[in-house]
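Student: All chains, please: the whole structure from these sequences, using the hints.
Take a look at the letters that make up each chain.
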Amino acid sequence: MALRIGVSFVRLNYLRHAVRLLSTHTQPEVINNGGSISDFPGARAPYVTEMKFLNENSYDLIPIYRVMDKNGEVIDNREDPNIDKDTLLHMYKTMVQLSQMDKILYESQRQGRISFYMTNYGEEGIHVGSASALSHRDLVFAQYREVGVFLYRGMTITELVNQCYGNCEDPGKGRQMPVHYGSKQHNIVTISSPLATQMPQAVGAAYALKRVPNNDRCVICYFGDGAASEGDAHAAFNFAATLDCPVIMMCRNNGYAISTPTSEQYRGDGIASRGPALGMHTVRVDGTDALAVHNAVRRARELALNNKPVLIEAMSYRVGHHSTSDDSTAYRPVEEIQKWTKEESPIQKLRLYLERKGFWDADAEKQCVKEARDTVVRTMQEAEKKKRPHWKEMLEDVYYDMPPRLQKQMNQMEKHLEKYSEHYPLNQYQQD
Amino acid sequence: MASLLTRKCIIVGKLTKYVNDYTKRLSSHFIYYPDNEKPVAGETTKMNMMQAINNAMDITLRDDPTAVLFGEDVAFGGVFRCALGLQDKYGKDRVFNTPLCEQGIAGFGIGLATAGATAIAEIQFADYIFPAFDQLVNEAAKARYRSGGQFDSGALTVRTPCGAVGHGGLYHSQSPEAYFAHTPGLRVVMPRGPITAKGLLLSCIRERDPCIFLEPKILYRSAAEEVPVEDYTLPLGKAQVLREGDAATLIAWGTQLHVLLEVAQMAEEKLGVKCDVIDLMSMLPWDEETVCNSVKKTGRCLIAHEAPLTSGFGAELAATIQEECFLHLEAPITRVTGWDSPFPHVFEPFYLPDKWRCYSALAKLIEY
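Going line by line, the protein sequences match chains A and B.
Start counting the first sequence at 1; every next residue gets the next number (the numbering used here).
Start counting the second sequence at 1; every next residue gets the next number (the numbering used here).
Since the hints were derived computationally from the structure, they do not count as laboratory data.
Nothing false has been slipped in among the hints.
In silico BS3-like pairs for lysine-lysine, Cα to Cα no more than 30 Å straight-line:
id, chain 1, residue 1, chain 2, residue 2
1, A, K419, A, K392
2, B, K270, A, K415
3, A, K408, B, K270
4, A, K419, B, K364
5, A, K103, A, K339
6, A, K392, B, K364
7, A, K85, A, K357
8, A, K408, B, K364
9, A, K415, B, K274
10, B, K270, A, K419
11, A, K103, A, K342
12, B, K364, B, K270
13, A, K370, A, K387
14, B, K92, A, K339
15, B, K364, A, K415
16, A, K339, A, K370
17, A, K419, B, K274
Residues from chain A shown here face chain B by an in silico Cβ test under 10 Å; the list is partial:
id, residue
18, D170
19, H180
20, A233
21, Q428
We put the CB at the ideal spot given by N, CA and C, even for glycine.
Tutor: Below you can see the structure in the form of structure tokens.
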């Protein structure tokens, strides 16, 4: 029995190599040495007598899949996803809401109301394009610039703003810096600042889902072009492929990791080229085209649910600064930013598409922007009035049950605060 | 020349309009006590800690042709601007960005050191140093030992910003000195301001052991001193006694040292007692002699650090002090530290070992 499996495995390998040789013109030319295939366990490749080094130019550049042009016009009608009107409007309104929230919260940081903020400008299409192609039950591991996914899934502006203020209604209890959202209810794992740590975790989660009988869920993991340089990124790709995990690895390649341009981040053909190399289904899409992202993720989800991990590289441009701690004009020309703001805006593209379909007009736009802005402003005013959580929350959730040693520390602090209360901003926090 | 550069740095800094919120928005929990004593005679220039570090690296790149400086976003000066202007001055092959990978930065630095270059590696935040833990703990620290002295990583210095900053939360606030202080072969150093930063960093760079140089990021802009312009070093493994007294020995490093300087002043005013205040400066190897001589004199000891209590570096100090000074002790050694939880965002005022917690502990220590 074992022998037969072995034989069929070898046959399968021959077949696979034959298909691979036939199917791609990127295969470097080889002189087949009598057709013999090596038996090395690490690579059952054909022998050749000509030595040839491969480099980044040995392969064609991976093309960028798009559905719409700059004007929101569908280039090939067969690729129009024909999403229903309600969904399309939800996608678009989410983008508008997101960009209004970014604008106001960024300003509020400048005014000292919140301590930190990160905008999502230029990448809204990746958020709604992917979120709309997934089930709300699919598990999300995000980096920190994917709040559109949270919004699309129904997390409210109130919840998001409360997190940024770290007030008593922040689901994260005021412990993390702003923009570190998370929602068990919406199947989005809480964000952590260290880069790429979420990537192998996403793969592990996908493996767990795969083992659930009749699994109908996958995992999507978002990460940036910078994070892809971390060791964790390589581990994630390799684990996803070797363990056949139902996971979509979604790279937001926005051109910059803080100040570091992609030209100093990697050589070779971007992040996508690593997918086939590691055995993942891979596609590169125009991240400013929400419909292209939608199509790619919809197809990726089908593959993932068949336990074929997928890598998607969504090309975009980080229109905003890295964060409120950064001024990107120190390392990139203003003209470059303007080009991407004006000509390749993902929001504008989807709006033009909607207008063509007769689903949207200037009045709707005006009203939508106003509502989006009013919602954020109103929510901020409410969030500001709310107190921060009780200071004791500082020492909760470290362990499931508080160990005696930590309990002792809490008691020490309690006694200290009784004696020195006037030196602590206790009135800003909830009290007993 | 150096002063010219410093001035140029300030101008460039203004031009780039870089907004460094980590220090701009600081809700300070301490008063900065500048150093008045100069380690060397001669010309001085007013520098903040960022400029003093920049100056130390400038001197190194100028005098050591093998020296290179690298890390994430270092080309444009680094997110805290410590490398500002150095790429323009020394070229892209000596001051450069790396891909975003801390384990890569550490390993690359070890390789440079192995092959005879001087490596100054920047890890953007100490909170992000952990992917490099393997390289630093298993490789840099053990290279000389395992090769019988044939190879070493002594020419590697890893600089990284650490400590509380007012609003850094879990991942922009940690003080990981104790993790590294558990590693024979490494040197772990933390300055308290511009003068010590320049002298200690130059020592670390030239020291023949790999060094982890932890820079309290809140001091980059808020701390300014008259820093000697010329080249000077401060000894590694040596503590400094900054204030003298007989009632108790107060020990800290980095930002926390300034908290204890204020506490010593409060104790003098409110309790009428004088204390020794010691800046440990080097956590590994640390200056047992200075610390124990002081505690033998005072009989009481308070140690404070921002990192959590359990297995913090204070534990090592306390254990050694009780062993060496047992019969001199008039009271149990006291530690005032961050609590045993991750570093919390909005609770920072309650988390830090601030002057009131330290003062309260000192008062009890003296009354014991």
